[in-house]
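Asker: Here the protein sequences come in this chain order: A and B. 246 is the number of the first residue of the first sequence in our numbering; add one for each residue after it. 21 is the number of the first residue of the second sequence in our numbering; add one for each residue after it.
Every clue listed holds true.
Away from chain B, derived, C-beta distances all over 12 Å, residues of chain A:
(1) T250
(2) T252
(3) E253
(4) N256
(5) E257
(6) E260
(7) P290
(8) E303
(9) A375
(10) R376
(11) E377
Below, computed lysine-lysine pairings styled on BS3-like, alpha-carbon distance capped at 27 Å:
(12) K265(A) with K305(A)
(13) K370(B) with K280(A)
(14) K64(B) with K207(B)
(15) K349(B) with K207(B)
(16) K73(B) with K53(B)
(17) K344(A) with K392(B)
(18) K392(B) with K335(B)
(19) K267(A) with K322(A)
(20) K349(B) with K392(B)
(21) K362(A) with K333(A)
(22) K370(B) with K278(A)
(23) K392(B) with K362(A)
(24) K392(B) with K333(A)
(25) K278(A) with K392(B)
(26) K344(A) with K322(A)
One-sided and incomplete, this derived list gives chain B residues near chain A with beta-carbon spacing under 10 Å:
(27) M144
(28) K181
(29) L279
(30) H289
(31) S379
(32) S383
(33) I387
Treat the hints as calculated values from the structure; they're not laboratory data. Everything numeric in this text was worked out from a predicted model, so none of it was measured. Glycine included, every Cβ here is placed at the ideal spot set by N, Cα and C.
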Amino acid sequence: MAIFTSTEQLNEVMERLWNKIKADPEMSRQLLKSKLTVRFYYREPEGRLTLDCSDGKEMKIFTGENNVKPVVEMFMKSDVAHEFWLGKVNVPVAILSGKIVSKGPVQSALSLLPVVKPAYAMYPEIFEAAREKKAG
Amino acid sequence: MNPFVFEAPTRIEYGEGMAASAAEILKGLGASKILIVSDQGLVKSGVIAPILKCFQEDQSLSTSIFTDVPPDSDVTCVNKAAAQAAKDGCDGVLAIGGGSVLDAAKVVNIALTLGGDVLDYQGMNNLTNRLKPMVAIPTTAGTGSEVSAVAMVRDVAEGKKLLYGSRFLAPDVSILDPTLLVSLPAKLTAATGLDAVTHCIEAYSVEVTRSPLTDVLCLEGLRLLFQSLPQATKHGDDLEARSNTMIAATMAGIAFTNLGVGVVHALAHATGGQFGTHHGTTNSVFLPYGMQFNLEVVAPRYATMARYLKLTDDKNDEVAAQTLIARVKALSGEIGLPSRLRDLGVPALKQDQLENLASLANSDPAIMFNPKEASVQDIIGIYERAY
Numbered sequence: 246m247a248i249f250t251s252t253e254q255l256n257e258v259m260e261r262l263w264n265k266i267k268a269d270p271e272m273s274r275q276l277l278k279s280k281l282t283v284r285f286y287y288r289e290p291e292g293r294l295t296l297d298c299s300d301g302k303e304m305k306i307f308t309g310e311n312n313v314k315p316v317v318e319m320f321m322k323s324d325v326a327h328e329f330w331l332g333k334v335n336v337p338v339a340i341l342s343g344k345i346v347s348k349g350p351v352q353s354a355l356s357l358l359p360v361v362k363p364a365y366a367m368y369p370e371i372f373e374a375a376r377e378k379k380a381g
Numbered sequence: 021m022n023p024f025v026f027e028a029p030t031r032i033e034y035g036e037g038m039a040a041s042a043a044e045i046l047k048g049l050g051a052s053k054i055l056i057v058s059d060q061g062l063v064k065s066g067v068i069a070p071i072l073k074c075f076q077e078d079q080s081l082s083t084s085i086f087t088d089v090p091p092d093s094d095v096t097c098v099n100k101a102a103a104q105a106a107k108d109g110c111d112g113v114l115a116i117g118g119g120s121v122l123d124a125a126k127v128v129n130i131a132l133t134l135g136g137d138v139l140d141y142q143g144m145n146n147l148t149n150r151l152k153p154m155v156a157i158p159t160t161a162g163t164g165s166e167v168s169a170v171a172m173v174r175d176v177a178e179g180k181k182l183l184y185g186s187r188f189l190a191p192d193v194s195i196l197d198p199t200l201l202v203s204l205p206a207k208l209t210a211a212t213g214l215d216a217v218t219h220c221i222e223a224y225s226v227e228v229t230r231s232p233l234t235d236v237l238c239l240e241g242l243r244l245l246f247q248s249l250p251q252a253t254k255h256g257d258d259l260e261a262r263s264n265t266m267i268a269a270t271m272a273g274i275a276f277t278n279l280g281v282g283v284v285h286a287l288a289h290a291t292g293g294q295f296g297t298h299h300g301t302t303n304s305v306f307l308p309y310g311m312q313f314n315l316e317v318v319a320p321r322y323a324t325m326a327r328y329l330k331l332t333d334d335k336n337d338e339v340a341a342q343t344l345i346a347r348v349k350a351l352s353g354e355i356g357l358p359s360r361l362r363d364l365g366v367p368a369l370k371q372d373q374l375e376n377l378a379s380l381a382n383s384d385p386a387i388m389f390n391p392k393e394a395s396v397q398d399i400i401g402i403y404e405r406a407y
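Start from the sequences and build out the full structure, keeping to the hints where you can.
Answerer: Shown next as structure tokens:
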């Protein structure tokens, strides 16, 4: 059974997480420095999140459809995304085995992995809050 | 043991004179209009002529020949070859050459099969369909491209290497014909051979994707290279030495495509992207320094290699590992490769340029597999020691 029960729940968790990352001065500084626009495509359940750092000034976070053109696109099951944010995904193995598919200059996206590592500690609380809300 | 994935989709056909069977093999794969990709060096040396003759003699096949792949293949040449192949209605690809030609042909095949701009297909595992049949005939023993599921081409405008990775990029058949290596100059034999040495050592050091299947390939590949690379470099007509290095390079190719490489390749990609240095030669310069950097976490692996190669029987891993590093340096010198980056024509860099190059290396996919985390400062340190 999938970890996320609906697209709505998935989008809510990811949006909250990325807003927390945005509020973290060091992580947001480094992400903005990259000027990268990345779109994550999740499946089972479907979800989409776009992170736009292209102007180098403000991190813009969008869920669902939008017209922003991404430089890098990452495709994965929602469960893989969940495991990733728990720090449990071995990214090289996931990429080699095709669990994570990347389109575009994958180098640029990989350079952001160390940057977002501090967010692993933020994720469990955000996820639990969303799960409790659903249960409540 | 770690969970692992091992894939080796390419059929390998080895034999002296085996290149002459390329036409039959492509027909067997269902192709009839073949794009033949190669370079001017191989045209001038006459290496490809006998292979082309086989195609000309077969009335059931037609060919479109592209021989303008530069030493460091780039997006421009790929687009040009793909346009030619599309115009001529090609339904199969034959690549004859070194890693640059083979990588270019793989990316050409993406464009030929799927259409559109090759820049749109960069990435890992984003190809979802089989490509047109492809046969690879390597004329160097080093890159492993004849069996690997990756291709890199240079984007000259951006000054970096573009990465394409997919199981569908591995050629359907690879023909290993050692007679094609006889005329390969000593300098290129040495440089490409050290590339294969680097594949064996870096791949064997990767922890996260390791398996007994890949261990065997790395160890035996390295043994064959240490045994035969000096002889193949000094006596290019020694077919046994040529065969050993060719088979070893292919073994290393299967290994690294399943394992990944590490910081040495990351630095070689960044340096090559910026300054156009030869990939194998650049790897050979960085290899001892990269090994020294990783030593504290992979000494037992290096030690196993050293003992397997019978370089030492010392029980102390650190001591045995140092023996391997020293042997790598000695091999590089023995076959006439430069030991310093400055000898490759790389200019001295200012601090900001150095940081930029190290950042490029630090975001190279190869770095993901390095057994020890490497920061930008660590990479600058390796670079400066190698310079």
